[in-house]
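Student: Chains as they are written, first to last, in my numbering: chain R, 1 to 155; chain L, 1001 to 1744; chain Y, 2001 to 2122.
Quick caveat, the hints were computed from the structure, so don't treat them as lab data.
Derived, one-sided and incomplete: chain Y residues facing chain L with beta-carbon distance under 10 Å: (1) Ile2013; (2) Val2049; (3) Pro2077; (4) Lys2095.
Cross-link-like lysine to aspartate or glutamate pairs, in silico, DMTMM-like; alpha carbons within 20 Å at most: (5) Y/Lys2057 with L/Asp1016; (6) Y/Lys2057 with L/Asp1072; (7) Y/Lys2057 with L/Asp1036; (8) Y/Lys2057 with L/Glu1035.
Every residue gets a Cβ at the ideal spot worked out from N, C-alpha and C, and that includes glycine.
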Amino acid sequence: MPKPQQWAEDDVLEFVTLKAGGQSFCIEITQIREIRRWSPVTALPQAEQAVLGVMNLRGAVIPIVDLAARLGLGECDASPRHVIMVVAVGTKTVGLLVDSVSEILTVNGEQICEAPTMGRGDVPSSILGLISVEEGMSRILSPGVLLPRGIMEAA
Amino acid sequence: MSRDDLKATFFAECEDLLEQLSEGSQAMIAGTASEDTVHAIFRAVHSIKGAAGAFGLENLVTFAHCFETVLDLVRSGDLVPDTDALHTILRSGDMLADLVELAQSDSDEIPEAMPAILDKLNELAGIEPGLEAGAGGEETEEFFGFQPVVFDLMDEAGDPDESCFRIRLSASSDLFRNGHDPVLLFSELATLGRVETRCDLSALPVGAAFDPERCYLNWEITLHGQATETAVRDVFMFLEDLCEIEDITAQAAGDIAVAGTEEEADHAVQDDVSIAEAAPAAAGIAPMRTPSRFTPMVADETPAPIELALAAEAGLAPAELADRPKGPAKAAAQVPQTTLRVDPERVDRLINTVGELIINQAVIAQKLLETGLATNSDIMSDLDDYQYLARELQEGVMAIRAQPVKPLFQRMQRIVREAADSLGKEVALVTEGEGTEIDKTLVERLAEPLTHMIRNAVDHGIESPEKRMAVGKPALGTIRLSAAHRSGDVLIEIADDGAGLNRKRILEIAVSKGLVPSDAKLSEPEIDNLLFMAGFSTAEKVTNLSGRGVGMDVVKTAITSLGGKVTISSRPGEGTQFAISLPLTLAVMDGMVIHAAGQTLVAPLSSVLETIRPRAQDVVPYGREGQLLSIRGTYVPIVHLGNLLGFTSGAPITSDNILILIRSEHSGQVALAVDEISDQRQVVVKSLEGNYGAIAGISAATILGDGRIALIIDTDATLNLAGDLGRDLTLIEETQHAQTAAMG
Amino acid sequence: MINILAIDDSLTIREMVREVLSSAGFTVTTANDGVHGVDVFQQDQYDAVITDINMPKMDGFGVIESIRGGGVNARVPILVLTTESGPALKDRARKAGATGWIVKPFEDEGLVNVIRRVTGAR
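Turn these sequences into a full structure, and let the hints guide you.
Tutor: So this is what it looks like as structure tokens:
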């Protein structure tokens, strides 16, 4: 299977895996700022469905994106059991609402497979690659998909 | 510190220097310049030149050099500048600013106007035009490219062979005084090869004539080794006229006579001349021919240091001092403002932290209140102290960001000059309240709208000199730019003494552009405000100044986005006045905490006129769904805030709603229907654009006492969201007329 | 440790001198005008002084005269930092008591060499 361009074969990479919409995803650990419990957010007018609102992160105002909704996997009914992953994308900081955070994966670049193109649907374009894990596979999220729509960021 | 950091330092310094320059040259024009002013101007240009050279900014160096030459003549009194010359000095300052700007953007471009100004400067300096003006040409090389450190006189091709040099170092009584140490010289020479030194003590006086501070020794040194002449000369680089270096390799290192006799000394002098001639203008240094030129200073001729310093300031050589009447030593009149340069990011971080502190204070206060503690308990009064201290701290931190508007106003001088020149008008800009301080961000973001307004005032406000004289005004038009603090706001006024607004023409244009109906009856202020409507431009021909496709609407938008307001007033024949009022800072504001559609929001207190709990009869249905508030004989549209922002849709306005009457720049007033008003407090403004983006109707966010985020309403944008209120208000006016008619 | 005092009213030049000399292992103290410079000079033991000529309050010649005028360390090497390189200026600087001069713009290596030369540092 072809390898994604981003990673060289001998790169050692660390990913944090998470569950959203019943599927396993992962994000490179260097992007993750912190993980915190869900707390109610302040809604934003004219926001897209996946943007739940903004939250106070020690004085910074950060938008919270429902990852499942963003990926077209249905809306998440947020509760204190859910988790917010605070990630940095370029110069912006965004909170992702996810079901749970699972583990840290350490892989070599060669273990990453290219995501197959499906021809339609949202998911493939937001997935950079796949990593096989014990219970199946985890999808590497493209940083761009994490930002609220209409927010441009040269990453 | 990297080269880039140094460069950033340089450009920051240039900004200060250019400001001093601009201020000084204006003082010269105004005739209020002191001697110190001229010196300060000279130093500013000189400093720019010096540092620019270090970065290889040739255009800047070339221009600064010519400029400096002229200023030097002015400084020394050799050039008494007439009006024309003063104008050249002003324009040169502008050009220098342009060149700094170009250098900052890494551009080598030579501004179009530069050669002409250079010619003028050279003319003032008495230099043939074009002779020295070449940008980065050879002439400048001679002035600045010179590196005394590299004394490259010899062809150094090939490996150095065995060489032998004879160096005669003649006594100079000042050798020690000037900080030279012969031992250092000899030991450095020893690194080049084998050194033989002979010391000649013949000049040493005996007895009382001996001064231990002076040097009476002559040396003759022979150096055997592989040194090049350059290396040897390098060692004696600061003593070149005291020593004679001779390559005697060819003489095969025979016996060398000790220099000391009269004859030998003469010979030495001759050799010195021959060296000087052999290397003409050795990299710009004309060596002094004889050691006798090095006259020792006699104690009673030596002026006191302070006088010498003054003499040097005035460009006089010490010898000239004697001819100068001795006045009392004058203390330096102008103490330069000392400033601390801090990375703005650090200040922002501090402001952020202080903001957190204030929020934290609010959180504690709220929690304590919830415990049901008596408000007169000790802890509550301690909390009051905490609040007081936190506010003090906040004000102190804000003050760090505060900057006087002076640099901004200085820039406007230039805008006026350029605009007036290109339009053939005569305009003076008078500034007031330059010391007024506002937030740094505000200063920066005001530059563009202010520039536009000033250009507009020159272009459209001030009449041509002929027209002015025809109506009995002085040919010179005046624009007054002032800043002042007014009850927590900053008021900036731009007033011209021009023709005033041509309201008939404005209305015609507005009608022709379909901005208002042709039969609209507008009051004078309403007509004036048409200028702020999008797409409005009164210029009959497009000038290259105001007619840049930017109208006053852009100015208005810019001011509004800063939380400010702009108003206009005008009297025919007497002039037009724009007044901008701005908050002191963008970081905190007074807000009213409100609740609508389950959301907590903040309305800027500056926009809130009053809050009303309306009686049933005060709310009048209007149109299909609209409602109007009847207040003191006028009707104001009521807008449901929740619906407006999209939190709810089609929610009815009920008698439970509270109305907040807000004023809008564009269209008078509107009443926002909300559920509840809970508090009135200072809030810390947090941008939403950092991590999210702009939201129509919302200007920013803040963090409340419970740690939750509340959005701050952008009142003007809210009204725009509410629809085309201009049209609505016309209708309201009609309704009013109808009602009045019905009642009458 | 070799202490250098750099006096210049231009922050850029001060920082540049500091940068060049401290990376060559010298300890650099700066002052932003002549009066300040002389003041600082008297408070510590310096191995060399670099001074600008055109400065507010007291110019470079004034600085040299003040230092040479007496007191401690009056024979410290003093280098004039100047954009001019004409003989008249050098003559004047020398008469005032300057040890040598450095013409702006200077090359890093040149500055270090000159300082090494006058301080005897290797």
